[in-house]
Amino acid sequence: MKNKTNRLPQEAGARPSRCPDNSAFKQQRLPAWKPQLTIASVLSSFFLIGAFCLLVGICLILSANSVREFQINYSDKCSECSKLRENTSNWNKECHCSVNFTLKEDMLGDVFMYYGLQNFYQNHRRYVISRSDAQLLGRSVNIEKSYCAPFTTYQNGTPMAPCGAIANSMFNDTIDLFYNLNSSVVQVPLLKTGNSWWTDKNVKFRNPKSYNLSSAFAGTARPPYWQKPVYLLDEEDERNNGYVNDDFIIWMRVSAFATFRNLYRRIGRVRQFVDGLPAGNYTFRISYNFPVSKFKGRKHVILSTVVWSGGSNPFLGIAYVVTGTAATLMGFVITAIHLKLRKKKTYFQK
Amino acid sequence: RSMNAFLIVYLCILISKALINTVLKYVWQSEPFRDEPWYNQKTEPERKRNLFLQALTDFLAFMVLFNYIIPVSMYVTVEMQKFLGSYFLTWDEEMFDEDTGEGPLVNTSDLNEELGQIEYVFTDKTGTLTENNMEFVECCIEGHVYVPHVICNGQILHDCTGIDMIDSSPGGSGKEREDLFFRALCLCHTVQVKDDDSVDGLRKNQLSKPCIYISSSPDEVALVEGIQRLGYTYLRLKDNFMEILNRENNIEKFELLEVLSFDSVRRRMSVIVKSSGGDIFLFCKGADSSIFPRVKEGKIDQIRSRVERNAVEGLRTLCVAYKKLTAEEYSCAQKLLQNAKLALQDREKKLAEVYEKIERDFILLGATAVEDRLQEKAADTIESLQKAGIKVWVLTGDKMETAAATCYACKLFRRNTQLLELTTKKIEEQSLHDVLFDLSKTVLRHSGSLTRDTFSGLSTDMQDYGLIIDGAALSLIMKPRQDGSSANYRELFLEICRNCSAVLCCRMAPLQKAQIVKLIKLSKEHPITLAIGDGANDVSMILEAHVGIGIIGKEGRQAARNSDYAIPKFKHLKKMLLVHGHFYYVRISELVQYFFYKNVCFIFPQFLYQFFCGFSQQTLYDTAYLTLYNISFTSLPILLYGLMEQHVSADTLKREPSLYRDVAKNALLRWRAFIYWTFLGVFDAVVFFFGAYFLFDNTVVTSNGQMFGNWTFGTVVFTVLVFTVTLKLALDTHYWTWINHFMIWGSLVFYIVFSLLWGGIIWPFLNYQRMYYVFMQMLSSGPAWLGIILLITVSLLPDVLKKVLCRQLWPTATERIQNASRHCREHISEFTPLACLKSPRYRSSDCSHSPARRSNSHSKKMMFTHWRGIDYSVLPSVFGYSNKQGRSRAGYRYSGSGLETSV
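Going line by line, the protein sequences match chains S and W. Take the first sequence: its position 109, counting from 1, is numbered 109 in UniProt numbering, and each next residue is one higher. Take the second sequence: its position 548, counting from 1, is numbered 548 in UniProt numbering, and each next residue is one higher.
Source of the hints: derived by calculation from the structure; they are not laboratory data. Only a predicted model underlies this, so the values are computations on that prediction, with no experimental measurement involved. Watch out, some of these pointers could steer you wrong.
Said to hold, decoys possible - List time: in silico SDA-like cross-link candidates among lysine to any residue, alpha-carbon distance up to 20 Å: (1) K296(S) - I300(W); (2) K479(W) - A509(W); (3) K518(W) - M478(W); (4) K192(S) - G705(W); (5) K340(S) - K479(W); (6) K343(S) - A509(W); (7) K26(S) - L809(W); (8) K343(S) - W810(W); (9) K518(W) - F33(W); (10) K34(S) - H734(W); (11) K228(S) - N207(S); (12) K77(S) - K228(S); (13) K803(W) - L48(S); (14) K175(W) - I300(W); (15) K426(W) - R373(W).
Unchecked claim - Which chain W residues face chain S? A few, computed with CB under 8 Å, are given here: (16) F33; (17) F611; (18) G614; (19) Q646; (20) F696; (21) V701; (22) G709; (23) Y768; (24) Y772; (25) G782; (26) L790.
C-beta: ideal position from N, C-alpha, C; glycine also.
From just these sequences and the hints, can you work out the full model?
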């Protein structure tokens, strides 16, 4: 590969006026780099790509293997609650459920707690557009203009805050984690803030301005499926209340697929949980509110650690290894073909 | 042209996609918990809507969602490419004619790519192949050759009146013959002298100023002018006396007694003159075939060989003979003529008989050679066109012999070309039916053996056929018959033509020219035709052909004005077709295919996404991305490619006309290529979508445990898409100017900058902020980076692999040339063995840019055939190592045989 510059010598003047310019561009003679698929460049690139992919792939697989993940399907385990929730009329009856499990190994490092939903089409078009970003920015807007319908206003005209199907269907189970240590039960500290994107929390979601939160939401009503209004989402922490509630913000970021998980809590690394979750017996205590059996969905609760390459997804590592292997093999095949053809050629030259 | 077919396919794909999705949507929705789960309720009006109406709305919504698969922007880009691209033609310096100060004109930019697809060239002769400017070249007296001095563009230089004699020592009788010869030429014609200014002016400048001669035949003018340069000037015909200024500046007077005028049956003319000394001479000049049988004395053999040599060179030859008449003979002849002229019945027949009687027992003096000068490089151009697999037909109004001579001169017919004649004369002898069948039998037997020969890989020198047909015969063939057999004749005629490498149609009326073009145009292969001409009589054919080219010539601008393109000279056709046409075709075909490809890549993930979002028409990409994808992210690089790409250099294309065959018959836009691109697009789309799907598959993609949503997913897919599609084009680009670099890398940078900006601000005028910080968050995640890199690599690898393998196993001529030129440039060891095999030859012929070698067309031709020969012998054994490749070999053979017929 070599730069070829073939610029015509610029002849000065003395040409008829109608004669076209003798510029390199007009004569299509701009200096150009003319890359060729040479055997050397092709083979080296194939082998380089192969080596690179294999290397990255192995790193990824190794690091993904160090991720610990634990997952429980609690909609099956709490079948009574599931049944109760199937009937809409029982919506305000509380239902609690405990799920025991054992961690066989320690989960070291930051441990994240996710709730997972299956068969919940958050990516349905009608669902995705059913929100008002302007409202969530704390502006007083006419949400009639948004796509929030049918969760815009009540029949008496009171607007819903927040409006729309996404907000209305917010995940409202409460999950607590307890560590059973020698017959004593220790509640695992869970952090409920800092789980959402910083920009979402600080820019994209704003409460309406007012002297206090409940007055800010005066004149609005909670969405129909909510048990409490938006300004009571977190009564303990003023900065995690209203629209800027982390759980709410996370829910509002709709998932790409019908099976998804959202970050629910992080394990606070204090006391015996400084290094993460030690192996042992644990209990999830769940306040079961969110009905999933009606759409044949499932709910999971997931405990997971995370490394630089994300969670426990072997796909990326495997894909890299496969690609690397394929590229290397192709390199060998090309070499073989090349050698074979060259042999033929020498034969012919004799 | 194939674009429209492709579009229809895509339209079908679009409709079927929308249909599939609509149907699946209703199947999927049939369970109520899916149609309207509690978390996602419909509004009242939606619920009440009629099911059929709803289905229709859904169908239309899917159509809107997938409409990008029909690349609307392609039409804009194609038009822009054609329009801007045609400027390169007008700007081309090599196609600028210094003499006339004219450059090429582009009257339509619609046909640029057709220039790369021409299969038939119909050319006018006079004024197109030739300059319409006769030139006396030499005369041969008694075997001595006389060449007039310097000739410059048909203008005689005043100081060049001397004689350049090759053998300047004629003996005594030789001298006498020479004088007679010159006098014969001076006297035996029907030229009239036009006094330029006045008689007075003429007299004054007699010696130096050439008179202006006018004649019905340009040959005679050329002859008289030529003789003038040899020292004998014909002054005028005055009172039946012809005045000649001889070499000693004496005026000789001859009394013109009789003119036995020219006719095309006798193909000769004679004059009977009486010299001032009282001798009566009969001078005759005519075609060799009509003179030689009547000669009784003279150096026949020497002159005949000279004449033949000249004829082969494409010169128009005439023989000159004389006879000295005694007074009795003359009076006898005069009587006979008188009687014949006065005859009331069969006058022409009687005249012919009398001429026959009088014109005999000549003494041969010599021969002349006149050249209707070919346009410069006409032969080279025609040769190149033929090598490029283009069939060249010459359509002319001239008579057969002249036309044939020109065809020989411009190498349309070669010495080994076997001529098939389909002329009125022949049809008179046999019936049209028989003639046609005979010819087709000859030709078909030949072509049958040809295919076998090419299969054995040994035939390199083969007999080719040239067909000569005249207007009358053509009209017989074209004439519709009552019994409906005309179609049969037409087919037969086409069959013959198809197997002839060159066809000459003489004595054509302008409308017949158009008729021929139409006949070929509508024949069953629907070849692309090109007509080129300069005069008003060519306009009909120019209009009829797919591409009409006018020569900006002497005969006014009518042809140029009615044409699609106008060029100053015939030779410019070579660059126009072989270089510009080739480029245009390669560019536009890549452009079209690439557009389809990138839109498949773009929209197919969208289609796949419908299976995961409940067929709800949810878009995968943000609206801004949907809108800008075709407008700004991916449009400029391909437009630039469409303007700048040169897969091989222009010089190489000009040097190797055979490369034109690589793109012939729409090779790059065939269904196979189209399907390949489409599948590549689908493959890439599947890689993008499922790659990202598994990457996001219910797992964490960040290192801080946070989750990404659907817009991040879409953005990942879109980022991979933009990069892959742009890099694919980068891989296809063979010619990287700074503009290409700027555009390709620029549009990638633009995409990134745009995304950062688009996601970086809460846009006040938008009622949604879904992209807010999505792109930045994606960039902050390591696995997303790795995933993007992996997916780009994976989607590009197969195409690279395919290219590499095809290049190694079945290299096209273009690729071999590319390799060879690289090889020559760098002198590094080989990549493709074929290139290496040939490279020594290349080095000698092409890489040493010595003008001497290049001008030596003969050695080049030899080189070419040699090269071809090697190719054919090498290919089978190189490829013959597996059965699978055997098939492709057959394909190659097939194209090979196709191309051999026309050489």
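These are the hints, each one checked on the structure:
no.	hint	in the structure
1	K296(S) - I300(W)	110 Å, violated
2	K479(W) - A509(W)	15 Å, holds
3	K518(W) - M478(W)	11 Å, holds
4	K192(S) - G705(W)	13 Å, holds
5	K340(S) - K479(W)	60 Å, violated
6	K343(S) - A509(W)	60 Å, violated
7	K26(S) - L809(W)	37 Å, violated
8	K343(S) - W810(W)	16 Å, holds
9	K518(W) - F33(W)	66 Å, violated
10	K34(S) - H734(W)	5 Å, holds
11	K228(S) - N207(S)	17 Å, holds
12	K77(S) - K228(S)	27 Å, violated
13	K803(W) - L48(S)	18 Å, holds
14	K175(W) - I300(W)	18 Å, holds
15	K426(W) - R373(W)	30 Å, violated
16	F33	4 Å, holds
17	F611	10 Å, violated
18	G614	5 Å, holds
19	Q646	7 Å, holds
20	F696	6 Å, holds
21	V701	5 Å, holds
22	G709	4 Å, holds
23	Y768	5 Å, holds
24	Y772	5 Å, holds
25	G782	6 Å, holds
26	L790	6 Å, holds
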